[in-house]
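A.B. asks: Each chain, letter by letter, is given below.
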Amino acid sequence: MSITEKELRDHFTNKFGDFSKTLNGSQPAEISNLRREAIEAFAAQGFPLAKNEEYKYTPLTKVLLKSLKLDPVQPAEAGVIPPFNEHLIPELDGHLLVYWNGKLAYRSEDTPKGLVIEQLDSLDHARQREVRKYLATLTNYQSDAFAALNTAFFKHGSLVKIAKDTTLDEPLIIYHLSDGQSGPTYTQTRHLLVAGENSRATLVEININLKSNQSTFYNAVSEVFLEEGAQLYFHKIQSKCSGAIIVDNTHLHQENNSQLHCTTVTTGGTIIRNNLNITINGEHCESHINGLYLIKGNDHVDNHTVVDHRIANSYSNELYKGIIDDSGTGVFNGKIFVQPDAQKTNAFQSNKNLLLSDKASMNTKPQLEIWADDVKCSHGATTGQIDSDQVFYLRSRGLDKQQAKGLLLYAFATEFLEHISLPVLKDYLEKVIADMLHYDKS
Amino acid sequence: MLKVDNLIASIGGNQILNGVNLQVNAGEVHAIMGPNGSGKSTFASILAGRDSYIISGKVSFLDKNLLEMPPEKRAREGLFLAFQYPVEIPGVSTTNFLKTAVNKIREYRGQDSLDAVTFLKLIREKMKLVEIDESLLSRSLNDGYSGGEKKRNEIFQMAILEPRLAILDETDSGLDIDALRIVANGVNTLRKKDNAIIVVTHYQRLLDYIVPDFVHVLYNGRIVKSGTKELALELEERGYDWIKENENVIT
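Here the protein sequences come in this chain order: A and B. All letters in the first sequence, in the order written, are residues 3 to 444 by our numbering. All letters in the second sequence, in the order written, are residues 2 to 252 by our numbering.
Chain A extracted, bound-state conformation:
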């Protein structure tokens, strides 16, 4: 049975009091004030309805009301965590953090030199005050209900600091495993990462939704800071999210000479909304932003991106590609802002989609707002079907129809792989994509 938006909203706002009590004494006024502001912002906005332009094509609230029950805000604190090794990507080695229903379940023992990882729920008052300098400075909890909800209720998550001049040889890998076996779970994960000056690192974030008969709602906020000269490869993998409801707010902030390679791969979920917001607040920055979504069944995947050029002489290049089959729905909204001070900006954006069935749909909206006069910018979007001339050419060389289409789709989908810095992850993604597209790589 469905609940109403008001019921669900009230449920969260009513729970806030109890939740605050559980934190009683463990947080300084700076943090409790922030949470209070956030819950007020949330109560005032409510969950976004269809008339909200930002959620026009993604009926998140409708799905939440249909899928959720008014159950605990936080997943069960206690309980035995079952073995999870089988769910991890084989041979993908690095410094591991595994969250189970939002709570840290495992962490690799030896932390590499120059890497500091703390858990947000174990910081003392002084550390929390220091963290407030970064926390909620990038996220838009005043205007986004999901960011507000997370900011009010977050408890678990990592605070990651990569020290100045550090090069991490191994990637940092964060898994989020969700399992609704014992009831629906609501997860409000929060991460904060600071890549220090001239540091180099690879971060892999992987969402896995285990088979369950219950809905899992994963609502995350990550704030990532690239200080001067930092280089970060950030791979977000949503390859096993069947049945999941995910709202991911990721904010990245770049200072002078920093380089970002951000890649988001999604192979479906009940409804997935990724907000990727990049602020380029320095000169000579580079941002390579890539995304791939493969959508089947009734799944719905929405990528909203913002690239905000605030300072001159930087470069951003964004390419999102999608293949949509069955009754799947894809949404892409990409905004580029070039602020008055951001002269000599080079900013490019492209969104390309292939529809494989009559019932598949794609809503794409590239937006470009330029307030500077000496810039080089372009954007574009295409949505179409497999090119029949290409299929005929391949068939005329002996490939059957299925193989020809598989080869073309596979080639279309794997263009972004050059931005994946880890060979093991690259191999894994090649396999996932080939399987999804029924393409025999051998």
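It is worth saying that the hints were derived from the structure and are not from the lab. No residue lacks a Cβ here, since even glycine has one placed at the ideal position from N, Cα and C. Incorrect hints may appear among the rest.
Claimed, not checked - Residues from chain B that keep clear of chain A, each with C-beta distances beyond 10 Å, as calculated:
| no. | residue |
| --- | --- |
| 1 | Gln16 |
| 2 | Gly20 |
| 3 | Ser42 |
| 4 | Tyr54 |
| 5 | Gly58 |
| 6 | Thr96 |
| 7 | Asp113 |
| 8 | Phe120 |
| 9 | Glu135 |
| 10 | Gly145 |
| 11 | Gly148 |
| 12 | Asn196 |
| 13 | Asp214 |
| 14 | Lys226 |
Stated by the list, open to error - No farther apart than 27 Å at their CA atoms in a straight line, the calculated lysine-lysine pairs in the DSS-like style are these:
| no. | chain 1 | residue 1 | chain 2 | residue 2 |
| --- | --- | --- | --- | --- |
| 15 | A | Lys403 | B | Lys100 |
| 16 | A | Lys403 | B | Lys74 |
| 17 | A | Lys403 | A | Lys433 |
| 18 | B | Lys74 | A | Lys407 |
| 19 | A | Lys403 | B | Lys65 |
| 20 | B | Lys105 | A | Lys407 |
| 21 | A | Lys23 | A | Lys157 |
| 22 | B | Lys100 | A | Lys407 |
| 23 | A | Lys361 | A | Lys407 |
| 24 | A | Lys403 | B | Lys105 |
| 25 | B | Lys105 | A | Lys443 |
Based on the hints, put chain B in the right spot on chain A.
C.D. replies: Same frame as chain A, now just chain B:
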């Protein structure tokens, strides 16, 4: 090898081929010439299996009904079309694609797949034939190739796939004289007594290098005149107008 019997084809209500008859035997090279819009390329692509036409008539290839076969089966049976406009396929490297193609054809013929080393040897051997560069082959198929590179790549593919019947659709168009010579040399090397070649062309100049046994003139969707290589020279000298006039008088 190939027997075309009263082939009629139309697209969107326009009849392009009005009853083509042609017989090609093993070891022969046939040239099909004709003015623009006479149906030459339509004929070539129908033989390769393009399905956008409404077709009637009979075509047998190696004593099998060609028109019943999907394009891939025709290729596996040994038919090859060198495209007038080779299609660009970003993201698919020429070598990977060819390896798949070769092995599909070998599988159909009951032969073992080529391993990577043998395939590479084959590639290197055939590369020399059309003077194509190895770096080009590791790039995306035809993507960003020059006109000449595309045409050479078609003949290179022909060399790798070793068809029984190759149809070269205006392979000479867009080639400078040096590229033309390279392409023609490649084709001549592949000429054997158990295979056949159909050269579709507008101009005679390619036929200076690939000397045909028979020349046919296609006009208004029919073969209106057939002869030997001397016919090509006559066409070069006199143009197509006298053919058109004769034909228009008859009809």
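A.B. asks: None of the hints should be skipped; say for each whether it holds.
C.D. replies: Hint check:
| no. | hint | verdict |
| --- | --- | --- |
| 1 | Gln16 | 22 Å, holds |
| 2 | Gly20 | 25 Å, holds |
| 3 | Ser42 | 13 Å, holds |
| 4 | Tyr54 | 12 Å, holds |
| 5 | Gly58 | 20 Å, holds |
| 6 | Thr96 | 13 Å, holds |
| 7 | Asp113 | 14 Å, holds |
| 8 | Phe120 | 13 Å, holds |
| 9 | Glu135 | 20 Å, holds |
| 10 | Gly145 | 15 Å, holds |
| 11 | Gly148 | 16 Å, holds |
| 12 | Asn196 | 16 Å, holds |
| 13 | Asp214 | 25 Å, holds |
| 14 | Lys226 | 29 Å, holds |
| 15 | Lys403/A with Lys100/B | 17 Å, holds |
| 16 | Lys403/A with Lys74/B | 11 Å, holds |
| 17 | Lys403/A with Lys433/A | 21 Å, holds |
| 18 | Lys74/B with Lys407/A | 16 Å, holds |
| 19 | Lys403/A with Lys65/B | 21 Å, holds |
| 20 | Lys105/B with Lys407/A | 15 Å, holds |
| 21 | Lys23/A with Lys157/A | 13 Å, holds |
| 22 | Lys100/B with Lys407/A | 17 Å, holds |
| 23 | Lys361/A with Lys407/A | 19 Å, holds |
| 24 | Lys403/A with Lys105/B | 12 Å, holds |
| 25 | Lys105/B with Lys443/A | 13 Å, holds |
In this structure, none of the earlier numbered hints is contradicted; all agree with it.
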